[in-house]
Amino acid sequence: MNIQLKPEQEKIIQAQIASGKYNSVEEIVDVAFKLFDKLQSEYAEWIEETRQKVDVAVAELERGEGLDGETVIKEILYSLKERVKKENKYREEGVGEYSFKVTSHSAIAQKHRSLLTKLTMSTPDF
1 MNIQLKPEQE
11 KIIQAQIASG
21 KYNSVEEIVD
31 VAFKLFDKLQ
41 SEYAEWIEET
51 RQKVDVAVAE
61 LERGEGLDGE
71 TVIKEILYSL
81 KERVKKENKY
91 REEGVGEYSF
101 KVTSHSAIAQ
111 KHRSLLTKLT
121 MSTPDF
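To convert, note that position 86 of the sequence shown is 86 in the numbering used here; the numbers rise steadily by one, no gaps.
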């Protein structure tokens, strides 16, 4: 079988041979096919694992054990709001060791505030 390689593929092959890592085009093609086969196998395993996880999740939802997405988002937003309130309170009071932690993490607190602002623009208050 003869195949036509793209110029960039030829460059990759020539560079690998020039580096001494591989001795021939055939050796590189052999490695490429082994990696391709491994990738296909891992993908098939991932698909099966994902199907199993979805089946478990659906069964949990049918038993009433799951949480809907809106509830989860509300809980995350509430948690972020509470953390920002706490950080602001301790920053204002300058309370002990926590004050140092909050001050040193002010960039994180700012990101939380920014995220909260964006998320709460389209989400009702709690």
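Hints were generated in silico from the structure; no laboratory data involved.
Treat the hints with caution; some may be incorrect.
Once the Cα atoms are required to be at most 27 Å apart in a straight line, the calculated DSS-like pairs of lysine-lysine come out as [to be verified]:
| hint | residue 1 | residue 2 |
| --- | --- | --- |
| 1 | Lys11 | Lys21 |
| 2 | Lys38 | Lys53 |
| 3 | Lys86 | Lys74 |
| 4 | Lys34 | Lys6 |
| 5 | Lys11 | Lys38 |
| 6 | Lys34 | Lys21 |
| 7 | Lys21 | Lys38 |
| 8 | Lys89 | Lys74 |
| 9 | Lys85 | Lys74 |
| 10 | Lys21 | Lys6 |
| 11 | Lys6 | Lys38 |
| 12 | Lys38 | Lys74 |
| 13 | Lys74 | Lys53 |
Nothing here was measured: the structure is a model prediction, and the numbers come from that model.
Satisfaction of hint between Lys74 and Lys89, Cα-Cα up to 27 Å: Holds, because 22 Å separates the two Cα atoms, which is no more than 27 Å.
Please work out if Lys21 and Lys6 have their alpha carbons no farther apart than 27 Å. Holds, because 21 Å separates the two Cα atoms, which is no more than 27 Å.
Agreement of Lys34 and Lys6 with the hint, judged by alpha carbon distance not exceeding 27 Å: holds (21 Å)
27 Å limit on alpha-carbon distance, applied to hinted pair Lys11 and Lys21: Holds, because 15 Å separates the two Cα atoms, which is no more than 27 Å.
Mind checking the alpha carbons of Lys85 and Lys74 for me, to see if they're no more than 27 Å apart? holds (16 Å)
Do the alpha carbons of Lys11 and Lys38 lie within 27 Å of each other, as the hint requires? holds (24 Å)
Lys6 and Lys38 were given as a pair; does the straight-line alpha-carbon distance stay at or below 27 Å? It holds: about 24 Å lies between the C-alpha atoms, which stays within 27 Å.
Taken at face value, is the distance from the CA of Lys21 to the CA of Lys34 at most 27 Å? Holds: Lys34 and Lys21 sit about 16 Å apart, inside 27 Å.
Tell me if the straight-line CA distance from Lys21 to Lys38 falls inside 27 Å. holds (21 Å)
Lys38 and Lys53: Cα distance at most 27 Å? Within the cut-off at roughly 22 Å; holds.
For a C-alpha distance cap of 27 Å, please report whether Lys86 and Lys74 respect it. holds (18 Å)
Checking one constraint from the list: CA of Lys74 to CA of Lys53, max 27 Å. Satisfied? Distance ~24 Å between Lys74 and Lys53 Cα, so the pair holds.
Consistency with the previously given hints fails for number 12 only.
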